[in-house]
Amino acid sequence: MIPTPRRFLLLAPLLALALVSAAAADEFDALREKIPRELTARGVPSLAVCVARDGQIIWEQGFGWADREKRIEANEHTMYSLASISKPIAATGLAILCQQGKIDLDKPINDYLGEAKVVARVGAAADATVRRVANHTSGLPLHYQFFYEDEVYRRPPMDETIRRYANLVTAPGERFQYSNLGYGLLDYVIARQSGRTFVDTMREEVFLPLGLTRMSVDIGPGLEKFTATRYGTDGLPIPFYDFDHPGGSAVFASAHDLARFGMFHAGSKLANQREILNDEWRKRMQEPTADIEGGRRYGVGWFIQDDKLGRRVVSHSGGMGGVSTLLSIVPEQKVVVVALSNGASPLPAQVSAEIMDIVLAKPSTEKKDEPVAEKPKSDKDEAAEAIVFGKPPEGRGLKPLTGRWKGIVHTYEKDLPIELWVQEDGDVHVKLDDQLETLLTGARFRDGWLRGRLRANLGTEDVNRTKHELHLEVKLRDDVLNGSLIATSYREPRVGNALTHWIEVKKQPE
5 MIPTPRRFLL
15 LAPLLALALV
25 SAAAADEFDA
35 LREKIPRELT
45 ARGVPSLAVC
55 VARDGQIIWE
65 QGFGWADREK
75 RIEANEHTMY
85 SLASISKPIA
95 ATGLAILCQQ
105 GKIDLDKPIN
115 DYLGEAKVVA
125 RVGAAADATV
135 RRVANHTSGL
145 PLHYQFFYED
155 EVYRRPPMDE
165 TIRRYANLVT
175 APGERFQYSN
185 LGYGLLDYVI
195 ARQSGRTFVD
205 TMREEVFLPL
215 GLTRMSVDIG
225 PGLEKFTATR
235 YGTDGLPIPF
245 YDFDHPGGSA
255 VFASAHDLAR
265 FGMFHAGSKL
275 ANQREILNDE
285 WRKRMQEPTA
295 DIEGGRRYGV
305 GWFIQDDKLG
315 RRVVSHSGGM
325 GGVSTLLSIV
335 PEQKVVVVAL
345 SNGASPLPAQ
355 VSAEIMDIVL
365 AKPSTEKKDE
375 PVAEKPKSDK
385 DEAAEAIVFG
395 KPPEGRGLKP
405 LTGRWKGIVH
415 TYEKDLPIEL
425 WVQEDGDVHV
435 KLDDQLETLL
445 TGARFRDGWL
455 RGRLRANLGT
465 EDVNRTKHEL
475 HLEVKLRDDV
485 LNGSLIATSY
495 REPRVGNALT
505 HWIEVKKQPE
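For the sequence shown, counting from 1, position 158 maps to 162 in my numbering; every step adds exactly one.
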């Protein structure tokens, strides 16, 4: 036998790995050629993807520009702003503290807050548990508020945000209402119960044990040069911004590291990752505890949905100014797909769907001969997650509300008087405080909810930072209508705010 040279023996594993990677990448050749064309056609700066199957990354690549002005190309290690994919990441930190016995999911969130507490306008604050905050059924409202570095406004202390906006506008458990504010409360609770900042807790309990050196809350020190610039719809860089809900929106990560985070939650045991959660807690996060329209459900930080072939897809997407992201996991097949972009676009969701079709159509070592997957559905762009005003039903259904309604709108500065007149012809007139009477545009009453839009001024500094309109969403409870009046910024190159205020009006005698 001719002895094999020692150098070849050392190189053989690397050569074998290269051949396996090249063979695996072949299945993505058509998509690899398509993505640059799509970026150009859509005006999207860049896209980074990473795909894992059975505990192995089988394709990762960046396309386009991480920074157009500096001519820095995107790659799989470029760090992108994740927007709402921050939620399952923050929820992982929450679950770790639950596993350590420092937080109980079924205790009231107020048990873990400081001087400022959640206030129940409907129902009981004690029923707003940590779990309900984590699955968006606590009664906390729609909320997002951005603070740009080139503006004078700065994020207030969390206790102040709680005082201003942490009102339960529906009873705990009554319905699913996606709330960034809830995840702002959770990151605050994580910090309080860990005895460290949210940034430090996430780095020490999640990122470092999982070997995620390109994942951080905000942009970690020394990571600036690896971070993609966020671009607006006008194609210009967006000044850096933060929020009053870091746990819901503030994480940055590379496609490579986000896929490795997803691999942990898919149950893949990677040699260089510490088991930060046992299997029980990891699976508990993926248990659906809240139902959403359209067949989707929500657990602790995760959307859960079965595709048409019965496969469970665990996912979260993100969208805000200069951000479109999607992380999808099929736990049974240990498949993870990541697509990240530094521009607002449906491209990450579309590319992820095509990747899923490719990966799940091929035999897996876990399950053989899997059929093609259904295109996964992602959650909506955060900036568009305000009330959806679709076409009103015939006649707008307003007859049961005919008459005059009087009450108040609560703001953090003062309560404002408000009156609604629902007329026989279906028009709804509104008078707020001493302002001119206005019309509730798009008014409709369906399934017990009155919805519409109006122009008026709530008068607070927070609201008047941006041009906005007010969105009304109130539920009929006997002779009372109560719920939300949301100051929602008009869409501009920069994403604005959605600030929810409690409103309650009572039917007046004829």
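Certain hints may be false.
[As the list claims (entries may be wrong)] Below, computed lysine-lysine pairings styled on BS3-like, alpha-carbon distance capped at 25 Å:
(1) Lys-418 x Lys-511
(2) Lys-418 x Lys-435
(3) Lys-287 x Lys-106
(4) Lys-121 x Lys-106
(5) Lys-273 x Lys-418
(6) Lys-111 x Lys-287
(7) Lys-511 x Lys-410
(8) Lys-287 x Lys-273
(9) Lys-312 x Lys-435
(10) Lys-403 x Lys-479
(11) Lys-418 x Lys-479
(12) Lys-510 x Lys-410
(13) Lys-435 x Lys-410
(14) Lys-479 x Lys-435
(15) Lys-471 x Lys-511
(16) Lys-74 x Lys-229
(17) Lys-273 x Lys-229
(18) Lys-511 x Lys-403
(19) Lys-471 x Lys-510
(20) Lys-121 x Lys-418
(21) Lys-74 x Lys-111
(22) Lys-479 x Lys-510
(23) Lys-511 x Lys-435
(24) Lys-471 x Lys-418
(25) Lys-312 x Lys-410
(26) Lys-121 x Lys-111
(27) Lys-403 x Lys-510
If you are wondering where the hints come from, they were derived from the structure by calculation, not from laboratory data.
Only a predicted model underlies this, so the values are computations on that prediction, with no experimental measurement involved.
Exercise. Within 25 Å, alpha carbon to alpha carbon, are Lys-273 and Lys-229?
Worked result: Violated, at about 31 Å.
For this session: For the pair we were handed, Lys-287 and Lys-273, check the Cα-Cα distance against 25 Å.
Result: Measuring from Cα to Cα gives roughly 14 Å; hence the hint holds.
Problem set entry | Distance restraint between Lys-418 and Lys-511, which requires alpha-carbon spacing of 25 Å or less | Status holds; Cα separation ~22 Å.
Problem set entry | Holds or violated: Lys-312 to Lys-435, with C-alpha atoms at most 25 Å apart | Distance ~49 Å between Lys-312 and Lys-435 Cα, so the pair is violated.
For this session: Could you grab the alpha-carbon distance between Lys-435 and Lys-410 and see if it respects the 25 Å cut-off?
Result: Holds. Lys-435 to Lys-410 sits at ~10 Å (cutoff 25 Å).
For this session: Verify the proposed pairing of Lys-74 with Lys-229, using a straight-line Cα cut of 25 Å.
Result: The hint holds at about 11 Å.
For this session: Could you grab the alpha-carbon distance between Lys-511 and Lys-403 and see if it respects the 25 Å cut-off?
Result: holds, 13 Å
For this session: For the pair supplied as a hint, Lys-121 and Lys-418, confirm whether the alpha-carbon distance does not exceed 25 Å.
Result: Satisfied, since the Cα-Cα distance of roughly 18 Å is no more than 25 Å.
For this session: Quickly compare the C-alpha distance for Lys-111 and Lys-287 to 25 Å and report which way the hint goes.
Result: holds, 20 Å
Exercise. Is Lys-418 close enough to Lys-435, meaning Cα to Cα at most 25 Å?
Worked result: holds, 17 Å
For this session: Given the hint that Lys-121 pairs with Lys-106, test it: the Cα-Cα distance must not exceed 25 Å.
Result: holds, 19 Å
Exercise. Are the Cα atoms of Lys-511 and Lys-435 separated by 25 Å or less?
Worked result: Between Lys-511 and Lys-435 the Cα gap is close to 15 Å, so the pair holds against 25 Å.
Consistency note: the structure conflicts with the earlier hints numbered 5, 9, 15, 17, 19, 21, 25.
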